[in-house]
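These protein sequence lines are chains F and X, in that order.
Per this note's numbering, the very first residue in the first sequence carries number 1; after that it's consecutive.
Per this note's numbering, the very first residue in the second sequence carries number 178; after that it's consecutive.
Keep in mind the hints are simulated off the structure, nothing from the lab.
Treat the hints with care, since some could be wrong.
To be verified - Cβ pair distances, simulated, as ranges: (1) X:Ala233 with F:Leu152: 46 to 52 Å; (2) X:Leu188 with F:Val135: 17 to 23 Å; (3) X:Ala233 with F:Val128: 38 to 44 Å; (4) F:Gly124 with X:Ala233: 44 to 50 Å; (5) F:His114 with X:Leu188: 57 to 63 Å.
Said to hold, decoys possible - Going by beta-carbon spacing under 10 Å, a handful of chain X positions derived as facing chain F: (6) Lys186; (7) Ser187; (8) Leu190; (9) Leu191; (10) Val391; (11) Val393.
To be verified - Chain F stretches covered by chain X per the calculated footprint, using a threshold of three residues with CB under 8 Å from any CB of chain X: (12) 64-75; (13) 87-95; (14) 109-116.
Each residue gets a CB set at the ideal place from its N, CA and C atoms; glycine is no exception.
Read off the chains here:
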Amino acid sequence: MNDTFELRSGGTHIEVHKFYPGAIVVVAVAALVFQAMAPVYFPKLSILDLPLLVTIYFGLSRRNPSTGLLLGTAIGLAQDALSGPTVPLGFYGMGKTVIGYLASSIGARLDTEHPAARFSLIFGFFVVHQAVLVVVRRLLLAQPEPWMNVRLAIAAAVNALVGTVLFLVFDRLRRRS
Amino acid sequence: MVAIPSKHKSLALLAGVLLAQVLMLAVQIKRDERGRLIRVWAISAAYPFERSGAWAFGKVRGVWDHYFALRTTARENEALRIENDALKLTITQLQTRASEADRLASLLNFKQQHEKLPIVGGRVIAASAGTASRTIEIDRGERDGVRKNMAVITPDGAVGKVIEVYRDTAQVLLLTDKEGGAGAMLLDSRTQGPVGGTGEPTMQMKYVATEENVTVGEKIVTSGMDKIFPRDIPIGTVVEVKPGTPFKQIRVQPAAKLDRLETVIVLLTQEPVEFKSETPGTQTGAATNEPSTQGAAPVAPTVPTATEKP
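The shape of chain X in the complex, shown without the other chains (with noise of 0.2 Å):
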């Protein structure tokens, strides 16, 4: 006598036998197009399950993130944040240097442009306390040949003149303090007349008659009378004309920027400087930004200003 076979035990051969011979079949066919038929399939009967999964996964992940994983959420953004700062910080810094670098680099190339003549560069260090005069402070004294009533100057244009002068420093009356001015005339027409401070960042051309043809958007130098000033410095350009009696109402604008210097130039001589590869700056609008107010030395109000009488 012979046990009958276990039905399970037969249908398990079963399946297990035509299983090996479905995976027999596709390691055989190869579709031309999509490659061995067990791969297709293999491919085909993971998909499903592959993309469920991924979906969940997803899903799974997704609630983790934005819900359980808050707190180290926070932690990242607390860190990005004081990262972020730090790299404002740094941006700013760079732009600070990027833009003395410029600043250097014109004064190099100034100095490059007039090799004979006898500068000195100087960094500004402080300016007016107060609005009602405007000189800055720049890190050049009596030890680096620095005197009173030399010419201070920018690429730019004029800047003012020494009116104090000490050991390691010296102030710097602007031109547009109202005690300030230079000996100026028109670019074009040659008309001179003085050029002086008002307290505002635009300045005022002095005793042009009425006569004379001004125009506006003329250039005005220098004209060396002063004594104080080379000749032919940029010192702004005609921003409103206004007729007067007997002398027109000429508004100017300063050449160089007044109101952002960080960097001058101290003239060691009244030699003229040649400003022909150089076009002063056309400001066209008033200077709204007033000078800083830290750490400024009192003005010397006695100084004589460099006015021209026509």
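Isolated chain F, as found in the complex (with noise of 0.2 Å):
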């Protein structure tokens, strides 16, 4: 098996990167446990959403909007499941469905490698993911939801460098030819 793939887009060649076996799923995971178990030794970590970082990245870098919107459901709802009672299974998850979505069909046309737009892209993906949390408290639950304050605004700048980061290091689970 390729470890990258072309895609044809409009004359626009763009790689799709495959993982080790296995590696998408530890990955997933890992993330999801440390957003649950950080946050208990270090609190100001739950600013964080790791969860996310990863539906971002193994969205962008598959570039598969099927794919894409799957894992984002699949790690959603493990949010949801890992996130207690009072959070409905399906409120994370419409949120990482959307972003796997979005990402992949945003990596299928757009070079994401480079760190500056991997940081704008990571902004980005944190406001809509917000935006979509908002719509699903406000209008399905009835429920109030800030639509973005400077913590989110603050939240959006330190996951998008994080994610910045944390990508790189993502990069090294490539498949290299």
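Each chain sits in its own coordinate frame; assemble them with the hints.
Right, here's the structure in full:
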């Protein structure tokens, strides 16, 4: 199996990366476990959304919307399950589903390998993810949810920064030809 | 090389996954006041369609019922009209039977109160054929022990006397006939005088002196002096008193409903009949209904009437 594939879209050639077997599952599980455990010991780490970063990364790398949204769904539902009974199943699931789809769709059209592009994309996806959560909270659950505030803006920036660095680590999980 | 996945396929998958999670959310969430969220959503989503559907269905059905189904409606109307007519007829028959039952019950009550009194009840089967006479024909005759000059009464009061007897029928001359009458007296003053018919619904009490005190509303009963009616059978009520010389002009409303007779009692004896428990009916106006004119036998004008001179 090849490590990378070449997509032809409007004459643009973009690579589709493959990963070591089980890499996606391991990374996703690790992100979920870390997201669940880290705030216990380091409350400030709750500002991070590692499952979101994992969803974005593999969505951008795989560049298959179907795969991306399904991966986002799985990660999101797992995050819901780990978030306690106050968070209904599907809350993060829908957010991650949308992000997985968008990341895969954008990754199939743009070169997302540059750190600056990744920072911007992560920041943008964080905002979109928050928007989806707001919609779900307000419209479907009839519960209050802030749209955007300073904390969220900082969280978006922090996640974008951490994600940009983390993505470099994840790049090492790619198979090379 | 891997082919680019279909955009529409992935969009459909996205929509499906999102919808599935929305439904999953709805199943989990339960609002305290309105139940599970999925039920709230389902009802809220279906309500506009249900309301619109109900409105549209009502309109369509209304148009159909009022414009296209008139043929059925006409048939139903016809059937209902026939049924209504039948019900009216049934009601009339039932009312008639109820009235007849009341009358028979009244007769039975009378008979029970006068067990030792030899009487026979009869049904009026005919009346005089013209207005010149006031007679009725009953379904009792010689075989039933009916004889001439027997008194005929109802629980309300005196009716008349038998003037002709046949094997199975008999003719009765009513008090209101010009030839009819009975020996009578004022109930309070015991003043006697014959009451005779005038050919009208009311009767006249004769030979009451001017100096006698007679008041409107006073009851008049039989005196027994005519040898036909026993004493104290109600005859009627004084409805009008006019001074006269030498006798008062007293108009009497019959106690018995002579214009609506259907069952009567023939007294087979002249033993006194007590009407203690029965207050004679007080008809306050002149009856306007003429007797039926069907199936009557000719009246024998030669039959003497029971009159009593003062």
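> Minimum Cβ distance from Leu190 of chain X to chain F below 10 Å?
Replying inline: 5 Å, holds
> Do the numbers back the hint for Lys186 of chain X, that is, is its least Cβ distance to chain F under 10 Å?
Replying inline: At about 7 Å, which falls below the 10 Å cut-off, the nearest Cβ of chain F leaves the hint on Lys186 of chain X intact, so it holds.
>> Just to make sure I understand the rule, a stretch counts as covered if three or more of its residues have a C-beta closer than 8 Å to a C-beta of the chain. Does the segment 109-116 of chain F meet that for chain X?
In response: violated (count 0)
> Holds or violated: is the Cβ of Ser187 of chain X closer than 10 Å to a Cβ in chain F?
Replying inline: The hint holds - Ser187 of chain X has a Cβ within 10 Å of chain F, the shortest such distance being about 4 Å.
> Do the beta carbons of Gly124 of chain F and Ala233 of chain X sit within 44 to 50 Å of each other?
Replying inline: 46 Å, holds
> Regarding Ala233 of chain X and Leu152 of chain F, is the given constraint of 46 to 52 Å on their beta-carbon distance met?
Replying inline: 47 Å, holds
>> Cut-off 8 Å, C-beta pairs, minimum 3 residues; does the coverage of the segment 64-75 of chain F by chain X stand?
In response: holds (count 6)
> Is it true that the C-beta distance of Ala233 of chain X to Val128 of chain F lies inside 38 to 44 Å, as the hint says?
Replying inline: Distance hint for Ala233 of chain X, Val128 of chain F holds at roughly 41 Å.
> Hey, does the Val391 of chain X contact hint survive, CB to chain F under 10 Å?
Replying inline: Where the cut-off is 10 Å and the nearest Cβ of chain F is about 95 Å from Val391 of chain X, the hint is violated.
> Has the hinted range 17 to 23 Å been met by the Cβ atoms of Leu188 of chain X and Val135 of chain F?
Replying inline: 18 Å, holds
> Could one say that the CB atoms of His114 of chain F and Leu188 of chain X fall in the range 57 to 63 Å?
Replying inline: Violated - the Cβ-Cβ distance for His114 of chain F and Leu188 of chain X, about 28 Å, lies outside 57 to 63 Å.
> Are at least 3 residues of the segment 87-95 of chain F within less than 8 Å of chain X when you compare beta carbons?
Replying inline: Result for this restraint: holds, n = 6.
In this structure, the hints that do not hold are numbers 5, 10, 11 and 14, in rising order.
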